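**Student:** If you want the building blocks of each chain, they are given just below.
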Amino acid sequence: MKKLGLIIVLICGSLMLYGTIDFPDWADPSSPASTHLSPYFIETAMHDTAVPNIVTAVLADYRGYDTMFETTVIFAAGLACFFLLRRFQRRAPDVNLFRHMPTGITLRIKKGGKVPVDSSEFERIDSIWVPYDLIIKTTCRLLIPFILLFALYVIAHGHHSPGGGFQGGVILGAGIILYAISHNLRAAKARIKERFDAYMCSAGVFIYVGTGVLCLLMGANFLDYSALAPLLGTDPIMARSHGILIVEIGVGIAVMAVMICLYYNLSSAGRQDEGL
Amino acid sequence: MNEIASFIIAKYNYWIYIVLMMIGLYAMIVKNNLVKKIIGMNIFQTAIILFYVSIGTKRGATIPIIYHGHGDGSHAVHATDYINPLPHVLMLTAIVVSVATLGVALAIALKVYRRYNTLEEDEIFTQIRRK
Amino acid sequence: MIWQLDIIILSFVVICGIAAITVRDLLGAAILFGAYSFMMCLLWAEMGAVDVAFTEASVGAGVSTVLFVAAVFRTSRRSKD
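Chains F, X and L, in that order, give the protein sequences.
Heads up: the first sequence begins at 410 in our numbering, then just goes up one per residue.
Heads up: the second sequence begins at 345 in our numbering, then just goes up one per residue.
Heads up: the third sequence begins at 228 in our numbering, then just goes up one per residue.
If we strip away everything but chain F, and leave its shape as in the complex, we get (with noise of 0.2 Å):
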């Protein structure tokens, strides 16, 4: 197996390597790539869109229709996560982990003993012993607002600088990876809830599909976002500047749940009582 699966990556690698020999020269301004669509792009996107940042502008005006349906691949992988993993039945741990904080003392309660109350002074822990880390619990709690509003930036000033809906969508679902990480997964629990993120999920590609249905009902073309002018109250070119930003903000919205519904699922083998 091994010596067959060398043979077959050296011939594909010898065929691919040959046909390098046609390729345009690497960074050669002349290339077809570079003459043919982009030079419209290039030159037409501030004039059309009034967004600086071309990417932003392709991906969310130009070819609305492919990052709408990337969306809801994203959104279907969220949902395959959960069908494929997800356990409902609960099952009774053997033994609970409490700590009592003002000691740092493990106390180990079998099946039917007395279960302390969750409090300041009790502690519930995982099953796998953690040490206690308050220098990680405390940085972690300092850092995550400011990683969370830096997320809101990059979704917000994706029009003027590098970032954008997909961008901060993700940093905004590691604002609260890091949090379930460092605290547990029944903190991070409490704060975003397994069916609030599913409705977040939805919201989001609703929210995308919503405004181009929105266009659909003001008269123009689907995601045609000049039509929201008289909504909006500006003109049709400022009119798809703010469509895009509108847009973005729920593909924003999509990926934050979808890495958080990945997370929790994966990082719990689908029991999503406790985590990494």
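Read the hints as simulated data drawn from the structure, not as lab findings.
Because the structure is a prediction, the values reported are computed rather than measured.
Be a bit skeptical, because a hint or two may be false.
A few chain F residues that face chain L, going by a derived Cβ cut-off under 7 Å, partial list only [said to hold, decoys possible]:
no.	residue
1	P461
2	V464
3	L493
4	I537
5	P540
6	Y541
7	Q576
8	V579
9	I580
10	A583
11	M668
12	L675
13	S676
Taking lysine to any residue and the SDA-like style, the derived pairs with C-alpha atoms no more than 25 Å apart in a straight line are [unchecked claim]:
no.	chain 1	residue 1	chain 2	residue 2
14	F	K546	F	I616
15	X	K355	F	A442
16	F	K411	X	Y460
17	F	K520	F	I544
18	F	K412	L	D233
All C-beta atoms in this analysis are idealised placements derived from N, C-alpha and C, irrespective of residue type, glycine included.
Using the hints provided, position chains X and L relative to the given structure of chain F.
**Tutor:** Frame of chain F; chains X and L shown alone:
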């Protein structure tokens, strides 16, 4: 001699992308462990994305964000000054979709582990044959 | 596009890719894959694809490493090859 040097400089990037792609393909075919196969799949994906992004590069051009100030909305933009943004757009969505496929692949690997209690391909095959 | 930087980062990418598929510890493979993604992100930033580099930095080096570590944590760490 000079011709060969310029040929190598023009093409060596593509050769390294193909090497990367073949590393991913080799891992997908030969490796026995499912997580290793998923890593190979991701290396393959990133090699293709790298190839697409490198198509868009232009010598002497800058990043595709148009220089603008307040009040000068109408100054001329030349296509040769900016890198081709189209491959970036296509690949940006491809990266986010790749993390979604990674999530589904890992979910399937977890499901396989739950059933057969191993991630090694040959052990899974022997367990299937024994049934 | 600085070709010296280009060659250095490309060689790091290849080394990280080979190391990620040869190391026997799956947790190590996950972390090496994170390093691979980060090198890829540097390469794209160097090529001028800033949006793609930003996405790869947050997605490839951030979230997918976490997903790999989570999956390895829930399965087994050992690998035969």
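**Student:** With the threshold set at 25 Å, check whether the alpha-carbon distance from F:K520 to F:I544 stays at or below it.
**Tutor:** violated (32 Å)
**Student:** Take the shortest C-beta to C-beta distance between F:I580 and chain L; is it under 7 Å?
**Tutor:** holds (5 Å)
**Student:** Holds or violated: is there a CB of chain L closer than 7 Å to the CB of F:V464?
**Tutor:** holds (4 Å)
**Student:** Closer than 7 Å between Cβ atoms is the bar; does F:A583 clear it against chain L? Give me holds or violated.
**Tutor:** Constraint on F:A583 satisfied, holds at 5 Å.
**Student:** For the pair we were handed, F:K412 and L:D233, check the Cα-Cα distance against 25 Å.
**Tutor:** violated (33 Å)
**Student:** Please check whether F:Q576 passes as an interface residue: C-beta within 7 Å of a C-beta belonging to chain L.
**Tutor:** holds (5 Å)
**Student:** Taken at face value, is the distance from the CA of F:I616 to the CA of F:K546 at most 25 Å?
**Tutor:** violated (35 Å)
**Student:** Is the straight-line distance between the alpha-carbon of F:K411 and that of X:Y460 25 Å or less?
**Tutor:** holds (24 Å)
**Student:** Does the closest beta carbon of chain L sit nearer than 7 Å to the beta carbon of F:P461?
**Tutor:** Result: violated, 13 Å to nearest chain L Cβ.
**Student:** Does the closest beta carbon of chain L sit nearer than 7 Å to the beta carbon of F:P540?
**Tutor:** Where the cut-off is 7 Å and the nearest Cβ of chain L is about 16 Å from F:P540, the hint is violated.
**Student:** Using Cβ atoms only, decide whether F:Y541 comes closer than 7 Å to chain L, and label the hint accordingly.
**Tutor:** violated (20 Å)
**Student:** Does F:I537 pass the interface hint, meaning its C-beta sits closer than 7 Å to a C-beta of chain L?
**Tutor:** violated (9 Å)
The structure shown violates the earlier hints numbered 1, 3, 4, 5, 6, 14, 17 and 18.
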